[in-house]
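Listed below are the residues making up each chain.
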Amino acid sequence: MKKFVMDRSGILLIFIGLVIAYELLTDVFGMLDPFLFRGLSMVIPAFGSHFDMLMKGLISSLGLLIPAYVMATFSGISLGVLIGSKKSLRKNITPFINAFSAIPAPLLTPFAIHLFPSFRSASIFIIFIGAFWPTLGTTVNAVMTIDKRYLENAATLEIGEVEKLLRVILPAASPTILSGCTIALKFSFVMLVVAEMFGATSGMGYFVQYYSDFARFDLVIAGFIFMAFILVGIMYLFDIMKVRMLRWTINN
Amino acid sequence: MLEVSVNHVSFSYDKDLILADINMKVEAGAFVCLLGQSGCGKSTFLRLLAGLERPSSGDILVDDAPVMKAGLQRGVVFQDYGLFPWMSAGENIMIALKQRFKNMSFSERKAEALKRIKDVELPESVFNKLPKELSGGMKQRCAIARAFGIDPPILLMDEPFGALDAVTRAKLQDLVFDLWKKETENRKTIFFVTHDVDEALLLATEIFVFGQSPSKIIYNYSFKGKLKSDRTTMLDDPQTMQLRNNLIKIIHDEVRTKSHNL
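Heads up: the protein sequence lines correspond to chains A and B, in order. Here the working numbering is used: the first residue of the first sequence is 3, the next is one more, and so on. Here the working numbering is used: the first residue of the second sequence is 38, the next is one more, and so on.
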């Protein structure tokens, strides 16, 4: 535990510095607009009074985030491997990937609400779209740029197609694929707020949006901080998994 | 026992002619060294033998069957070891064994991989190590263990010791030579690419010298029926030294002639 804290002493120091700076700019010197930037004297109690709601929001948000992200990762990687490994497919499909991935997912909200049977499924779709394109794009690129020597090595050993996919192509492409998955995870969080803007009755994004409408910026800031902590926690777990999977890379 | 014959093989990359009209016939069980300056097309020729490239014209036959694609019949040891970096040394050998011996169980494959690791004089602990945790020499030993493990009748080695220090190189030369020599029945045919004349003299039963690109075979020497000196007697043997000087002169003359023509 002591080593864990010591290894992260830099993070802790920066965090404490940010908290002190914010407190000085708000409660102490009032240099920021007090209507928008509520001091910690208001934000911390807001945490306490709305903690149950934040936790309920977390569970609700994860209910949207997890299925959307899992589907985006699975389909993005599967399609990416297929497109990345077939030159003709890549040549014909890449322009469409570029075109569709350029459409901001929030603009698809009305279409999603129209096309999907429930607000929940429409929300999942919006998050899915946010995570899908970065995963697909990086997977195509990762598979396309696999070191040719690995494939030749597999050919000389007559490794079958399925085993080649699972034991050669995916591991060889995994550093880039996992970078894409990290970007996709961050995008999913951004999309979560958009997705909870319609039809949701709870959720982390909903919480921020709801209290923003009532100008309760103490709760909005509490919501932001809560979301940031959750994202940092998830990214930490993701990084542990990534380090385990990429332990063979030189810089790990 | 597989005989290899190469008939009028040429190879172009884009529009550049790399190999021009290569012909050779190699008896089963020979240790063939392909000698020449760097960049002369020896490795390209080895890739053609491996089936990783197709000749632009001519054909390569193994026991009268044309080489169409890469496969277990022709094991390859690459200069950069060719190990999958995400697999442990043991897994690298086991995945090869799995392709070669389809009916072998997991535990049998593991036991065989451990045996092969010991055969190349590595400790058992190497089995669980990732390639990045091994030295260059250890990685190449693993690659050799894997290549001999799948027991291909033909083994293609592309400057396998080129990146190693002199002592490790000498040890691995002896290791490969001993592994090859101890197979009295069905001895492998080895094609060994090198630019080191001494390495060729030490290992080869037959030497083919490649000229500068577009490459042709400019000299061929066979030790068949002749007494071959080993590492300790090589320097004192006048015939070997004469051959050594001759090979060096041929290669230097070729480089000089081609660079004058540029």
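None of these hints come from the bench; they were simulated from the model. Hints are supplied without guarantee of correctness; some may be wrong.
[What the hints assert, rightly or not] Here are some, though not all, of the chain B residues that point toward chain A, as calculated from beta-carbon distances under 7 Å: (1) P103; (2) A107; (3) G108; (4) Y258.
All residues carry an ideal CB built from backbone N, CA and C; glycine is no exception.
Outcome of the hint check:
Checking B/P103 against chain A by beta carbon gives a least distance of about 17 Å; that is not within 7 Å, so the hint is violated. Annotation: interface hint on B/A107 holds; nearest CB of chain A at approximately 4 Å, less than 7 Å. Interface hint status for B/G108: upheld, as the beta-carbon distance to the closest one in chain A is roughly 5 Å, under 7 Å. For B/Y258, the interface hint is violated, the least distance from its beta-carbon to any beta-carbon of chain A being 29 Å, above 7 Å.
Violated hints, listed in ascending order, are 1, 4; each of the other numbered hints is respected by the structure.
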